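Number of protein chains: 2
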Amino acid sequence: MTTSTASINPRMRTTAYEALLKRLNKIADLQSVQNLLQWDQDICLPDGASQARSIQIGTIAEMQHDLSSSNTTRLLIEAAEAELQAEGFDNDSDEVAMLNAARRDYQSKVCLPTELVSRFGTLVAEAQEVWQQARESSNFALFQPYLTELVELSRQKGRYLGFAEHPYDALLDEYEPGMTADELRSIFAPLKQRLLDLRGTFSTAAKIDDSFLRLNYSTEKQFEFCKRLLESMGVANDYSRFDSHTSAFTTSIANCFDVRLTGRIVPDYLNMAIFSTIHEGGHALFDRGINPAYARTPLAEIHSMGLHESQSRLWENLIGRSLQFWTYHYPILQATFPDQLGKVTLEDFYRAINKVQNSQIRLEADEISYSLHIILRFELELALIEGSLTVADLPAAWNQGFEELFGTRPENDSKGVLQDVHWAGGAFGYFPTYVLGNLISAQLLQQIKLDIPTLEQNISEGDFQPLRQWLSENVHRFGRKYQTKDLVMRITKSPIDADAFCTYLDEKFSRIYQVH
Amino acid sequence: MTTSTASINPRMRTTAYEALLKRLNKIADLQSVQNLLQWDQDICLPDGASQARSIQIGTIAEMQHDLSSSNTTRLLIEAAEAELQAEGFDNDSDEVAMLNAARRDYQSKVCLPTELVSRFGTLVAEAQEVWQQARESSNFALFQPYLTELVELSRQKGRYLGFAEHPYDALLDEYEPGMTADELRSIFAPLKQRLLDLRGTFSTAAKIDDSFLRLNYSTEKQFEFCKRLLESMGVANDYSRFDSHTSAFTTSIANCFDVRLTGRIVPDYLNMAIFSTIHEGGHALFDRGINPAYARTPLAEIHSMGLHESQSRLWENLIGRSLQFWTYHYPILQATFPDQLGKVTLEDFYRAINKVQNSQIRLEADEISYSLHIILRFELELALIEGSLTVADLPAAWNQGFEELFGTRPENDSKGVLQDVHWAGGAFGYFPTYVLGNLISAQLLQQIKLDIPTLEQNISEGDFQPLRQWLSENVHRFGRKYQTKDLVMRITKSPIDADAFCTYLDEKFSRIYQVH
Numbered sequence: 001m002t003t004s005t006a007s008i009n010p011r012m013r014t015t016a017y018e019a020l021l022k023r024l025n026k027i028a029d030l031q032s033v034q035n036l037l038q039w040d041q042d043i044c045l046p047d048g049a050s051q052a053r054s055i056q057i058g059t060i061a062e063m064q065h066d067l068s069s070s071n072t073t074r075l076l077i078e079a080a081e082a083e084l085q086a087e088g089f090d091n092d093s094d095e096v097a098m099l100n101a102a103r104r105d106y107q108s109k110v111c112l113p114t115e116l117v118s119r120f121g122t123l124v125a126e127a128q129e130v131w132q133q134a135r136e137s138s139n140f141a142l143f144q145p146y147l148t149e150l151v152e153l154s155r156q157k158g159r160y161l162g163f164a165e166h167p168y169d170a171l172l173d174e175y176e177p178g179m180t181a182d183e184l185r186s187i188f189a190p191l192k193q194r195l196l197d198l199r200g201t202f203s204t205a206a207k208i209d210d211s212f213l214r215l216n217y218s219t220e221k222q223f224e225f226c227k228r229l230l231e232s233m234g235v236a237n238d239y240s241r242f243d244s245h246t247s248a249f250t251t252s253i254a255n256c257f258d259v260r261l262t263g264r265i266v267p268d269y270l271n272m273a274i275f276s277t278i279h280e281g282g283h284a285l286f287d288r289g290i291n292p293a294y295a296r297t298p299l300a301e302i303h304s305m306g307l308h309e310s311q312s313r314l315w316e317n318l319i320g321r322s323l324q325f326w327t328y329h330y331p332i333l334q335a336t337f338p339d340q341l342g343k344v345t346l347e348d349f350y351r352a353i354n355k356v357q358n359s360q361i362r363l364e365a366d367e368i369s370y371s372l373h374i375i376l377r378f379e380l381e382l383a384l385i386e387g388s389l390t391v392a393d394l395p396a397a398w399n400q401g402f403e404e405l406f407g408t409r410p411e412n413d414s415k416g417v418l419q420d421v422h423w424a425g426g427a428f429g430y431f432p433t434y435v436l437g438n439l440i441s442a443q444l445l446q447q448i449k450l451d452i453p454t455l456e457q458n459i460s461e462g463d464f465q466p467l468r469q470w471l472s473e474n475v476h477r478f479g480r481k482y483q484t485k486d487l488v489m490r491i492t493k494s495p496i497d498a499d500a501f502c503t504y505l506d507e508k509f510s511r512i513y514q515v516h
Numbered sequence: 001m002t003t004s005t006a007s008i009n010p011r012m013r014t015t016a017y018e019a020l021l022k023r024l025n026k027i028a029d030l031q032s033v034q035n036l037l038q039w040d041q042d043i044c045l046p047d048g049a050s051q052a053r054s055i056q057i058g059t060i061a062e063m064q065h066d067l068s069s070s071n072t073t074r075l076l077i078e079a080a081e082a083e084l085q086a087e088g089f090d091n092d093s094d095e096v097a098m099l100n101a102a103r104r105d106y107q108s109k110v111c112l113p114t115e116l117v118s119r120f121g122t123l124v125a126e127a128q129e130v131w132q133q134a135r136e137s138s139n140f141a142l143f144q145p146y147l148t149e150l151v152e153l154s155r156q157k158g159r160y161l162g163f164a165e166h167p168y169d170a171l172l173d174e175y176e177p178g179m180t181a182d183e184l185r186s187i188f189a190p191l192k193q194r195l196l197d198l199r200g201t202f203s204t205a206a207k208i209d210d211s212f213l214r215l216n217y218s219t220e221k222q223f224e225f226c227k228r229l230l231e232s233m234g235v236a237n238d239y240s241r242f243d244s245h246t247s248a249f250t251t252s253i254a255n256c257f258d259v260r261l262t263g264r265i266v267p268d269y270l271n272m273a274i275f276s277t278i279h280e281g282g283h284a285l286f287d288r289g290i291n292p293a294y295a296r297t298p299l300a301e302i303h304s305m306g307l308h309e310s311q312s313r314l315w316e317n318l319i320g321r322s323l324q325f326w327t328y329h330y331p332i333l334q335a336t337f338p339d340q341l342g343k344v345t346l347e348d349f350y351r352a353i354n355k356v357q358n359s360q361i362r363l364e365a366d367e368i369s370y371s372l373h374i375i376l377r378f379e380l381e382l383a384l385i386e387g388s389l390t391v392a393d394l395p396a397a398w399n400q401g402f403e404e405l406f407g408t409r410p411e412n413d414s415k416g417v418l419q420d421v422h423w424a425g426g427a428f429g430y431f432p433t434y435v436l437g438n439l440i441s442a443q444l445l446q447q448i449k450l451d452i453p454t455l456e457q458n459i460s461e462g463d464f465q466p467l468r469q470w471l472s473e474n475v476h477r478f479g480r481k482y483q484t485k486d487l488v489m490r491i492t493k494s495p496i497d498a499d500a501f502c503t504y505l506d507e508k509f510s511r512i513y514q515v516h
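Residue numbers (the numbering used here), protein chains in the order written: chain A, 1 to 516; chain B, 1 to 516.
Just so you know, the hints here were simulated from the structure itself, not pulled from any lab data.
The structure presented is a predicted model; accordingly, all values stated were derived computationally and were not measured.
All the pointers check out, no bait thrown in.
Just so you know, same-sequence chains aren't split out, so a pair can sit in one copy or run between any two.
Listed next, the in silico DSS-like pairs over lysine-lysine satisfying Cα-Cα at most 25 Å (straight line):
(1) K109 with K22
(2) K493 with K508
(3) K109 with K26
(4) K343 with K355
Turn these sequences into a full structure, and let the hints steer you where they fit.
Right, dumping it as C-alpha cells:
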C-alpha cells in the first residue's frame with residue numbers, strides 16, 4: 001500500500017501539512033473501524049451481541065469525533081493552509097483539495113456536541129435491529145419510538161450544522177454537498193410530471209409477460225451467477241467480498257483496498273439478486289478505483305452520494321438492463337436455469353426485465369417508476385424534518401402519497417413505510433441522491449458513447465475493460481477531489497439536469513413497447 | 001446488557017472508582033475492536049487488504065495503549081484505591097479485584113513505549129500472513145526475518161516489563177501471571193519422564209486400528225456434525241458463531257456476548273474437526289460464562305491461559321475422548337457417515353480416537369505425546385528469548401529436539417517448526433500454558449466427579465447441563481477475579497501438580513491397551 005504522505009506530491013515537505021495528514025490518517029482508520037463494526041453487525045454478529053456492538057460503535061464514533069473536532073486539528077489545518085498559500089499551490093492541486101476536504105469535515109464535526117454524536121451512533125445501531133424486527137412483523141409501532149428520536153436528533157443536528165433556508169438543507173448537505181431542498185424541488189417538479197406521463201404511456205401499452213422471472217430459482221445458483229456477474233464487471237476478489245443478505249449494500253471498509261458487497265437474493269424474483277448485485281458492483285468499482293495515493297485521507301472518499309449512485313445506476317440500469325449486456329450474459333443465465341429459462345428468448349427476457357409496472361417496493365420498481373418512489377420519500381422526510389409531519393402520522397401520509405402517485409395503497413407497512421433501512425440508519429437527505437444518480441448516469445452515458453464508439457459492441461462481447469477504464473479515469477480516481485456539479489460539467493459540459501435521463505427513458509421504452 | 005458501573009456493588013458510589021470504570025470500559029471497547037479486526041482478518045478480509053488492516057490494528061493498539069498508560073489512568077487508580085481503603089472494602093470483593101487487575105494492566109502497559117506496541121501490532125499482522133504462505137510452501141526462509149524481528153521485539157518487551165530471574169519470565173507472566181520458567185522446569189522435568197515412560201508402555205502394546213478415521217469425509221457434513229457437537233455442549237448461536245478455518249481458534253470479541261470459534265476441518269482425518277471443535281467449544285463456554293456484571297472491565301477476562309486451557313482440554317480430552325461422550329454421540333456420527341463408520345463399533349471408535357502414536361503434528365498428537373510436543377516448544381522459545389539460540393538455527397534445533405523425544409525427524413519445516421501460528425503471533429510464553437491446562441483439567445475432573453456422582457451417566461445420555469453448571473459456578477463466572485493457583489487450591493484443596501493428570505492417563509490408557 002502506498003501511504004499518502006510521500007506519494008501525493010514530492011515537493012510538499014512542509015511540517016504542518018504532514019502533521020495534518022498523519023492526523024487525518026488516524027481519523028480515517030477510525031472510520032474504517034466503524035465501517036467494519038457496522039458491516040460485521042449486518043453479516044456476522046451473533047444476535048445476543050447487538051447491544052454490546054452498539055456500545056462499541058458509540059465508543060469509536062466518540063473517539064473519532066473528539067479527534068476530528070479538536071483544537072489541534074483546527075490549528076493544523078490553519079497552519080497547513082498558510083503553508084500552501086505561501087508556497088503558491090494551485091487551486092486544482094491535490095493538496096488544496098485535501099485542505100478543503102479537511103476543513104469541511106472539521107467544520108461539520110465541530111458544530112456537533114460529542115454526546116449527540118455518540119447517542120446518534122448508539123441509537124442507529126439499535127434502531128436498525130428494531131427496524132428489522134418491525135419490518136418482519138409489519139409492526140410500525142415497534143419502530144416508532146426509535147424513528148421519533150432519530151428525527152428529533154436529526155433536527156438537532158440540522159440546527160447545529162446550520163442552514164440558510166431550510167433545516168433539511170443541512171442534512172442533505174452531508175450526502176450531496178452544495179445541494180438544497182429548493183434546487184431539488186425545482187429539478188423534481190417537472191421530472192415528476194414527465195415520469196408520470198411516461199409511465200402512463202407505457203403502462204397502457206401492450207402487456208409484457210414477466211411471469212418466468214417469478215418462478216422458483218435456487219438461491220445458491222443465483223448467488224453463483226451473481227458472483228459470475230461481478231467477475232465479468234471486474235469486481236475482483238483481491239479487494240472485495242460478496243455475501244447474500246436481506247438488503248443489498250456496499251461497505252467500503254477501506255477505500256481502494258477493502259470493499260464488501262451484498263446482494264439480496266430471494267427465491268421467487270430473479271431480478272432482485274441480479275440487479276441488486278450489479279448495482280452494488282457499480283459502487284464497489286468506484287470505491288476501488290479511487291487513487292491509492294489518497295488512501296487514509298479525506299480525498300479517498302466520495303464527494304456526494306449522487307455521484308456514487310450515478311455509478312451504481314449506470315451499471316444496474318443503463319448497462320445492466322441493456323440488450324447488449326444480456327447478449328453476452330443471457331446464455332450463461334439460461335444454462336444456469338434451463339428449467340425456468342430454457343424456452344425464453346433473449347428478446348423476451350430483455351423486455352421482461354424492463355417491464356413497466358406499479359410495484360409497492362422501491363427495490364422492485366422499473367426505471368420510470370423508481371424516481372417516483374424517491375420523490376415520495378423526499379417529500380415525506382422534508383416534512384418530518386421541518387416538523388409539518390409527525391412520525392405517528394407517517395404511515396398514513398406514506399399511504400396517501402403512494403396512492404396519489406401509483407393509484408393504490410400498500411398492502412401493509414412492511415411493504416410501505418417500513419421497506420427501507422435508510423431512516424433507521426438516521427440517513428435523512430439520502431433518498432434524493434438516488435434520483436440525482438439516475439440523472440447523472442444518463443448524462444455520463446451520453447458522453448461515454450461519444451468517447452467509446454465501440455461501447456455497445458464491447459458490452460455485447462462481455463468486454464467491460466474500455467468502460468471500466470473510462471470511468472476510472474474520468475470519475476473514480478478523483479475520489480472526493482471535485483464538487484459533483486463541477487465534475488459533471490467538466491465531463492459533459494452541462495449542469496445536472498433531467499433531459500438526458502428522460503430522453504434515455506423515452507427512447508428505450510418506446511422501442512421496448514413499440515410506441516412512437 | 002448490564003453495564004458494569006451500576007451492577008457491581010450498589011453501595012459503591014464513589015467518584016474516582018466510577019470514573020476509573022468508565023475509562024476501563026473504553027479501554028475494553030478498544031480491545032473488542034482489535035479482536036474483531038483480527039478475527040475479520042482471519043475469516044473475512046480480502047487478500048489485497050491485509051496491509052491496510054495491519055495499519056488499522058496498529059492505530060487502535062496505539063490508541064488503546066495511550067489510554068491505558070496515561071497519567072490520568074494512574075491517578076484514577078490511585079484515587080480509587082484510596083477510596084476503597086477508606087470505605088474498608090474486603091480483599092475478596094469485586095472492587096478490590098478490579099483495582100488489582102487495573103493496576104496490573106496499567107503497570108504492564110506503562111513499561112512499554114507506544115512505538116514498540118504499535119510496531120509489534122503491525123508486525124504481528126504481517127507476520128501471520130507471511131507465516132501462512134511459508135507454511136504452505138514449507139519455506140522457513142520466507143518467515144525467518146519476521147520471526148527474527150518478533151524475537152528481538154519480544155526480548156525488548158521482556159526488558160521493559162522487568163523480571164527477577166529470566167527474561168522469559170516477563171513474557172510468560174503475560175499469559176500465566178505469577179508463573180516462572182524455573183517453576184515450569186520443576187514441573188516439566190519429572191512430567192517429561194513420566195510421559196516418555198507411559199508412551200513407551202502403550203506404544204509397544206497391541207496396535208490399534210484407526211485407519212477408518214483417515215478415509216474421505218465430506219467437509220460439509222463434518223461441519224454440520226461439529227455444529228451439532230457445539231449445540232450439545234451448550235455453545236449457543238445467540239452469542240457465538242462457528243466457521244471452518246485452516247486453524248482452530250476462539251476469538252472473544254466481547255466476553256459474555258460475542259464469542260467466535262473456528263474448527264479446522266480436513267477431508268482425510270476425522271479427529272481434526274471433531275476435537276478442534278470440542279476444544280474451542282470449551283474456551284467459548286468460559287468466555288460466555290463470565291459474570292455479565294464484569295462486561296467491559298478487566299475482570300471480564302481470564303486470569304491465565306493455563307486456566308482457560310484447562311477448560312478446552314477438559315472438554316476436548318477428559319470429556320470429549322471418553323466412552324460416555326461417544327455413547328451418546330457415536331450413533332449420530334455413524335448416521336452422518338454410514339459408508340465410513342457403518343461397520344465400526346463404538347468400542348473400536350473409542351480406541352481409535354485414543355490411539356497412542358507418534359505424530360509430527362502437535363494438533364494430531366494423542367493425550368500422552370501432546371505435552372511432550374509442548375515441552376519441546378517451551379525449551380526452544382526459552383533458548384530464543386535468552387539468546388542461546390538464533391532464529392536461523394531454530395529449524396535444526398527443532399528437528400534435533402523432536403528426534404530426541406520422538407525418535408524421528410519431521411518430514412519438512414511445514415510439519416515441523418512452521419506448524420504453529422503462535423510465534424507468528426508474537427506469543428512467546430504461551431505454549432507451556434497448554435500443559436498447565438492439561439494438569440489443571442485433570443485436577444478439576446477429580447473434584448467434579450466427587451461433586452456430581454451422576455456425571456458419567458449424564459454424559460452418556462447427552463446431558464451436559466450439570467457439568468456446565470458446575471464449571472460456570474466454580475470457574476467461569478469469576479473471570480479474572482482469582483489467581484489461577486488460588487482458584488485451583490480453592491476448588492481442589494491442592495496446588496497445581498502433575499499427579500492427577502498422570503494418574504488419569506495411566507488408568508485410561510491401561511484400560512484401552514489392556515496393560516496392567
